[in-house]
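> Take the sequences, apply the hints, and build the full model.
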Amino acid sequence: MIMETLTLGKSLNLGLRRAMEDDSKVLIMGEDVGKLGGVFRITDGLQKDFGDERVIDTPLAEAGIVGTAIGLALRGYRPVVEIQFDGFVYPAYDQIVCQVAKFHYRSRGKVSLPMVIRIPFGGGIGAVEHHSESPEAYFSHTAGLKVVACSNPSDAYWMIQQAIASDDPIIFFEPKRRYWEKGEVDTAAPLSSAYPLHSSRVLRSGTDATLLAYGPMVRTCLDAATAAAEDGRNLEVIDLRTLSPLDMAPVFESVRKTGRAVVVHEAPGNIGLGAEVAARISEECFYSLEAPVLRVTGYDIPYPASRVEEEFLPDLDRVLEAVDRSFGF
Amino acid sequence: MTKVERAAARRGGKRSGPPEPEFVQLLTPEGERVSHPDYSVDFTDDELRGLYRDLVTVRKLDAEATALQRQGELGIWASLLGQEAAQVGSGRALRKQDMAFPTYREHGVLYCRNIDPIMPLGLFRGVDQGGWDPVAHRFNMYTIVIGAQTLHATGYAMGIVKDGKVGDDDETSEAVIAYFGDGATSQGDVNEAFIFGSVYNAPIVFFCQNNQYAISEPLERQTRIPLYQRAAGFGFPGIRVDGNDVLATYAVTRAALDNARHGQGPTLIEAYTYRMGAHTTSDDPTRYRVASEVEAWQAKDPIVRMRKLLEKQGIADEAFFAAVDEQAKVEAVALRERVLSMPDPDPATMFDHVYPNGSPLIDKQRAEFESYHASFEGSH
Ligand SMILES: Cc1ncc(C[n+]2csc(CCOP(=O)(O)OP(=O)(O)O)c2C)c(N)n1
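Chains as they are written, first to last, in numbering that gives the first Met the number 0: chain W, 0 to 328; chain E, 0 to 379.
It is worth saying that the hints were derived from the structure and are not from the lab.
Heads up, some of the hints might be wrong.
[As the list claims (entries may be wrong)] Label-pair distances were calculated between CB atoms; the ranges are: (1) W:ASP222 - E:ALA321: 49 to 59 Å; (2) W:GLU282 - E:LEU80: 56 to 66 Å; (3) W:THR4 - E:GLU376: 56 to 66 Å; (4) E:ALA135 - W:ASP222: 45 to 55 Å.
[What the hints assert, rightly or not] Derived list of chain W stretches under chain E, where covered just means 3 residues or more per stretch with a C-beta under 8 Å from a C-beta of chain E: (5) 20–34; (6) 68–81; (7) 118–128; (8) 229–237; (9) 309–321.
Keep in mind it's a predicted model, so treat the numbers as computed, not measured.
Virtual Cβ for every residue (Gly too), placed ideally from N, Cα, C.
Shown next, in the form of structure tokens:
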């Protein structure tokens, strides 16, 4: 075991590096990913070491980036594309939902597109519009895509490698406001020993209520659980990790135990992932529930100006307030 | 040359390419007035002094905004440093009735449209989303998604045709200008705008400020041919102008807008210029460009050459230059003071203006939000 303390951003960088070393077909593509190392420096140093044939600064064209990555994947490459910010994935939306998602199905399984589309997502960094969005529901709604979100350095390091190794096209969400948070990563372990990609994970066990989150909100929920513990409430926290397909088995198990669930995400609540999770819990765990499944989400408004974004984003207080409400039933 | 060498030479083509591009120029970096067969315009002394004043003021306000960002008063700032002539020249070429569609860097054009320069600072400070009246000022909101506004501009221009506002009268016929960068030319939207503009013969000027970089990526990551030549493939004229020459930029833009309003369809103008600063305040240009390149462009500064011209023609003296500087400073100080006193918005206003006709969902969330916050009253 070689435990290193790394930021989430650096873990992604090392994960990409290792994937490129392990497989010469892995390519990195995107705007500013080469010399600059990406605006968040996630690809820092990779072009220097792997050359500009493998780490490709592309024209400023998202449909072009994803569309050509499809062609490269058809030629046997494994492109990992970077979308600079969540709000800029939409020019490529058509290519992703109409093409990437459907090649395998349309070819009756003869073609697969082993590509990863990395998207830094979510708010909390004081940015201007289009730089803080949570578009995960659009992609989770599309059959043929797999959607995951990492929340901590160790997962970031492993999940990016697993996503690259997977033959499924994967939308890989990175919680941009957690890029600078540190954690322990065992960088020497074999990839095969990593926690399976498409599975949710209990990060903190508890008995009184279950908090469900992914990406940036996992940290918020862990903090809320710590705060609740001081008040004598013992909360279980589950990192969903995989948004499509959802891995509900650990969630059902937890809710059967606690009887209460609160789903937390930054994206607006209306027709969002929280709605899906809540519906599935009520279908499966109806007789175990002590209260309706509650949601704490962003409001159903465009992402607001940054000076009020803290009011938009679910925080520890709003999570605890929802837990209180759950106990009020 | 082997095949591999030829391929490498092609890829590295930029370095062996022509040193200076062909472009329309009316004022050299040395401050010499030169002529061009197609673009002879006469500026009165007053107009020349006015253009100089605009350039200086716009640069000063921009520098103030950069300073405010450094002091934590703005979240981010996209500076126009180096691009003043391209913006003032084209901005002053607009007639009152024309409509402009900017990106996020067109503070100089915004200034020419008589919009309070505090407006974009609210956006970059994070207290609002911009907030000027695009219709009243005939200057659309800033657009951050690269290239999107070129289609809006084209559609607007198509509307002008439908309204019968294309014609011979310079004072009532309308035209549209769409601003975008060199990087934006790679976007599908921009290419689609070229197609719509062309096939509907829309009264639009596509104004590309080629400042040589899209964040870190140099021009050759977007194109293998000079950008203005792209227009030919879409069926309308393209022209390159010295973007650091305010006189040429004005002349070329005025002509293209007038052609458009007279029913002659689109023009692509490539204003050949340079971004002297960082892409935005969160960028690190030392990672991707060398100091000598920046220095070379410094010698082509748009303000210095205009000042030389005014001196040579004897139409401005020290007192004039000092007065312009002083006035710009006063405006910058006023801007600073107003930014510092710009309050954070009332959080409940984030629920405003989501829908023109309101929405029960938003109403409910606003009510919940307000009662949730009221529950904290007095708890601190
Ligand atoms: C669709 C989209 N993709 C990516 C970005 C992120 N981004 C902001 S500015 C920029 C570079 C723009 O370059 P250019 O068009 O040359 O204009 P400049 O900023 O140089 O004036 C990029 C990639 C964006 N705003 N929109």
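> Evaluate each hint against the coordinates.
Verification of the hints:
{"no.": "1", "hint": "W:ASP222 - E:ALA321: 49 to 59 Å", "result": "58 Å, holds"}
{"no.": "2", "hint": "W:GLU282 - E:LEU80: 56 to 66 Å", "result": "59 Å, holds"}
{"no.": "3", "hint": "W:THR4 - E:GLU376: 56 to 66 Å", "result": "42 Å, violated"}
{"no.": "4", "hint": "E:ALA135 - W:ASP222: 45 to 55 Å", "result": "47 Å, holds"}
{"no.": "5", "hint": "20–34", "result": "holds (count 4)"}
{"no.": "6", "hint": "68–81", "result": "violated (count 0)"}
{"no.": "7", "hint": "118–128", "result": "holds (count 4)"}
{"no.": "8", "hint": "229–237", "result": "violated (count 0)"}
{"no.": "9", "hint": "309–321", "result": "holds (count 4)"}
Checked against the numbered hints above, the structure violates hints 3, 6, 8; every other hint is satisfied.
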